[in-house]
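S.K.: If you read the protein sequences in the order shown, they are chains X and U. Read left to right, the first sequence gives residues 0 to 384 (numbering that gives the first Met the number 0). Read left to right, the second sequence gives residues 0 to 83 (numbering that gives the first Met the number 0).
Be aware that a few hints might be false.
Heads up, simulated BS3-like pairs for lysine-lysine below, C-alpha to C-alpha not over 27 Å straight-line [unchecked claim]:
no., chain 1, residue 1, chain 2, residue 2
1, X, Lys122, X, Lys137
2, X, Lys137, X, Lys56
3, U, Lys16, X, Lys328
4, X, Lys203, X, Lys296
5, U, Lys16, X, Lys137
6, X, Lys125, X, Lys144
7, X, Lys144, X, Lys122
8, X, Lys208, X, Lys270
9, X, Lys144, X, Lys66
10, X, Lys101, X, Lys56
11, U, Lys16, X, Lys66
12, X, Lys125, X, Lys137
13, X, Lys136, U, Lys16
14, U, Lys16, X, Lys56
15, X, Lys203, X, Lys176
16, X, Lys122, U, Lys16
17, X, Lys138, U, Lys16
18, X, Lys101, X, Lys66
19, X, Lys203, X, Lys270
20, X, Lys112, X, Lys144
21, X, Lys66, X, Lys122
Residues from chain X that keep clear of chain U, each with C-beta distances beyond 10 Å, as calculated [what the hints assert, rightly or not]:
no., residue
22, Leu73
23, His95
24, Asp127
25, Val140
26, Leu157
27, Leu189
28, Tyr210
29, His267
A partial selection of chain U residues facing chain X, derived with a Cβ cut-off under 10 Å [to be verified]:
no., residue
30, Gly53
31, Ala57
32, Ile61
33, Ala63
34, Ala64
35, Leu65
36, Gly68
37, Ala69
38, Val70
39, Phe71
40, Ile74
Note that these hints are calculated values from the structure, not bench results. Just so it is clear, CB atoms sit at the ideal spot from N, CA and C, and this is done for glycine as well.
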Amino acid sequence: MQENRGFSIFKISSNLVFICFFALAFSLKANSNSEISSHDSENAVHSKHIEKKEGFKPGDMILDHVKDAHDWHLWDYNGHPVGIPLPILIYDNGFHSFSSSKFEHGHAVVESKGNFYKLHSGKIYKTDSEGGIQIGKKKAVLNEKPIDLSITKNVLSLFIASIVILIIFLTVAKGYKNRGKSAPKGLQSLIEPIIIFIRDEVVKPSIGKHYERFLPLLLSIFFFIFINNLMGLIPIFPFGANLTGNIAVTMVLSLVVFVVVTFSGNKHYWKHIFMPDVPPALWILLIPIELLGVVLKPFVLMLRLFANITAGHIIILGFFSLIFIFGEKSVVAGFGTSILSVAFTLFMSVLELLVAFLQAYVFTLLASLYIGSATEEHHHAEEHH
Amino acid sequence: MSILEILLQTVSADPSKLGAAIGAGLSAIAAGIGIGNIGKAALESIARQPESTGDIRANMIIAAALVEGAVFFAIVLCLLILFV
Chain X
0 MQENRGFSIF
10 KISSNLVFIC
20 FFALAFSLKA
30 NSNSEISSHD
40 SENAVHSKHI
50 EKKEGFKPGD
60 MILDHVKDAH
70 DWHLWDYNGH
80 PVGIPLPILI
90 YDNGFHSFSS
100 SKFEHGHAVV
110 ESKGNFYKLH
120 SGKIYKTDSE
130 GGIQIGKKKA
140 VLNEKPIDLS
150 ITKNVLSLFI
160 ASIVILIIFL
170 TVAKGYKNRG
180 KSAPKGLQSL
190 IEPIIIFIRD
200 EVVKPSIGKH
210 YERFLPLLLS
220 IFFFIFINNL
230 MGLIPIFPFG
240 ANLTGNIAVT
250 MVLSLVVFVV
260 VTFSGNKHYW
270 KHIFMPDVPP
280 ALWILLIPIE
290 LLGVVLKPFV
300 LMLRLFANIT
310 AGHIIILGFF
320 SLIFIFGEKS
330 VVAGFGTSIL
340 SVAFTLFMSV
350 LELLVAFLQA
360 YVFTLLASLY
370 IGSATEEHHH
380 AEEHH
Chain U
0 MSILEILLQT
10 VSADPSKLGA
20 AIGAGLSAIA
30 AGIGIGNIGK
40 AALESIARQP
50 ESTGDIRANM
60 IIAAALVEGA
70 VFFAIVLCLL
80 ILFV
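With the rest of the complex left out, here is chain X (with noise of 0.2 Å):
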């Protein structure tokens, strides 16, 4: 008992310290942006070369690290972003491609095969010599866009995914081999209760005798957007992208959902959809109410999926956004700040691994009950008398 308490007072000082530490970490950045700042604007009042001193704008921040981008940025050193650019490949009458350092980040024109390429707020244009962008009305832009197949940093991070992915299955499924039917050890013995979990809890019920044909399936779906919620959650570099916030990935997994149950509905769905067990008078009321929620079911999957993990990454960065606020005020409130933004930034990481395994989990329910309700058998109401 004694000796037990000991260690639980080593462990709670030490996380104190490693708080302590990450908050004076942090404060000491924010104490060095300011200073950097202060000392360019004391060259600009003696110098003829006029600079705009640019302060700490949150919502770019923000909206950097959730977006899409085509070089994967990793620090900033000295004003300068330090980054990996990714390869280009556009599409324009013949593939250009080229490495995205040379668009040095939107300043650059890029001639390629007799074309000019201009990177504007994130998309690849198609412009003059000049560089010239023409914005229209609403600020849209008017120039032509190839077709851009770039490797951005989502691309790159769905192959990182993949490659964890491949590398946990296939040891798991090679210790299945190896061992036959005596206990799993190692990584089987951790991916094994997830597996039985979601086929005896979400598959088996919602799809009843046939669960086998989509087991496969309704697995990929689940392991896929649990463990690219994870990654996006590291923020090191091979993980923290934000792939599953992207609202392309998810509407590909819907897309997916949805192909699956049109093509495996049986007769009894299609004649639920189009002939429903009411009066014919109330048809003209429900058969539009059914098709639309043969389309909106889908829809919604992926719209819950993309606004829950983007949603907690912008509540994280915004906790962390603080801290460079009030640093630009004073180096003491970017001290005090920290720590507390550092504890709240803590306790809403908690938060997202939590949400990172339950919408994994309502993704595959939800699809497991379209595609039970899609291929269950015809029960007459009259039977249950």
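Knowing the structure of chain X, use the given hints to seat chain U on it.
M.R.: What follows is chain U alone, placed relative to chain X:
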């Protein structure tokens, strides 16, 4: 000047942002009321029949996810107003 006049003056540059902010706040209230009701019903049912806790918990999560889906639709709309 009345409070309404002062408020409208401060947002006169871009009143759509006021609408988006009010919309986001209202959808947070809606989420709270909806999921709170679901939780209340679930807790009462668990209190009445503790052996069906597992079933009740699973259904509560499904219902909460569906309600949150509607709320997130409103939130995404407000985000679209603010940033697009």
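S.K.: So, against the hints stated earlier in the document, which numbers end up violated here?
M.R.: none
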